[in-house]
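Student: The primary structure of each chain is shown beneath.
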Amino acid sequence: KQEVTQIPAALSVPEGENLVLNCSFTDSAIYNLQWFRQDPGKGLTSLLLIQSSQREQTSGRLNASLDKSSGRSTLYIAASQPGDSATYLCAVYFQGGSEKLVFGKGTKLTVNP
Amino acid sequence: GAVVSQHPSWVICKSGTSVKIECRSLDFQATTMFWYRQFPKQSLMLMATSNEGSKATYEQGVEKDKFLINHASLTLSTLTVTSAHPEDSSFYICSANLRDRGGYTFGSGTRLTIV
Chain A
1 KQEVTQIPAA LSVPEGENLV LNCSFTDSAI YNLQWFRQDP GKGLTSLLLI
51 QSSQREQTSG RLNASLDKSS GRSTLYIAAS QPGDSATYLC AVYFQGGSEK
101 LVFGKGTKLT VNP
Chain B
1001 GAVVSQHPSW VICKSGTSVK IECRSLDFQA TTMFWYRQFP KQSLMLMATS
1051 NEGSKATYEQ GVEKDKFLIN HASLTLSTLT VTSAHPEDSS FYICSANLRD
1101 RGGYTFGSGT RLTIV
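Chains A and B are the protein sequences, given in the same order. Once you know that position 6 of the first sequence is 6 in our numbering, the rest is easy, because the numbers rise by one and skip nothing. Quick note, our numbering runs 1000 ahead of the 1-based positions in the second sequence.
Derived from the structure by calculation, the hints contain no laboratory data. By construction, the Cβ of each residue, glycine as well, lies at the ideal position given by its N, Cα and C atoms. Be aware that one or more of the hints could be misleading.
[Unchecked claim] The list that follows gives simulated cross-link-like pairs (lysine to any residue, SDA-like), each with its CA atoms no further than 20 Å apart:
#1 K42(A) to S1054(B)
#2 K100(A) to L1046(B)
#3 K42(A) to F1039(B)
#4 K100(A) to S1009(B)
#5 K1(A) to R1024(B)
#6 K108(A) to R1024(B)
#7 K1041(B) to A29(A)
#8 K42(A) to R1024(B)
#9 K42(A) to S1073(B)
#10 K100(A) to Q1042(B)
#11 K1041(B) to Q54(A)
[Said to hold, decoys possible] Label-pair restraints from in silico Cβ distances:
#12 Q1029(B) to Q54(A): 20 to 30 Å
#13 Q1042(B) to N22(A): 33 to 43 Å
#14 R1099(B) to G96(A): 34 to 44 Å
#15 P40(A) to I1012(B): 15 to 25 Å
#16 D1027(B) to G41(A): 35 to 45 Å
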């Protein structure tokens, strides 16, 4: 079964700290992996998309890595800010199945001023 | 670019009524759209895949007659919750695959509350 797991489920850090969110997936045959941000009661905002042939992607203070062979991805947030507080979702587009994303349960991040 | 517009953002209606949620791709054509449901503190669960000009594909356990999906054009997909009950209260989100642009884009979601 194709599954995506995210740890930790929740994380609370002081402002300014660098942090890492983890995502693991059960099948290395993937098309791509996408990190999203979701604010309470809102839709999803795409943060970074990593194709299966790529190792990492960067956008501003965010850096996402992908290690297909070990089935892992990390989202690194530098110099965290209170505005980064949200739930971060990892989603994997697996090969060999229908065209759909499989989501992790997310990591709820709180950055304290 | 690559915006998916979803309406309404929230709706409250009485038990037994039907509710329609619209999802439009504003600057691209979406032959396929996806409908998700999210319960509080849970992740997104795929309900169905909406295919332009053909029948939707439903995930296991999702009632086809209760959640009617119509994808009549390349820019519009609708989800109608028929004879809604309080247990249908949830957050519904649509999505489209950007294909050549890569990745998926999501609507802003609809908070449905049945009273």
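Student: Which hints from the list above does the structure break, by number from lowest to highest?
Tutor: 1, 4, 5, 6, 7, 9, 11, 13, 14 and 16
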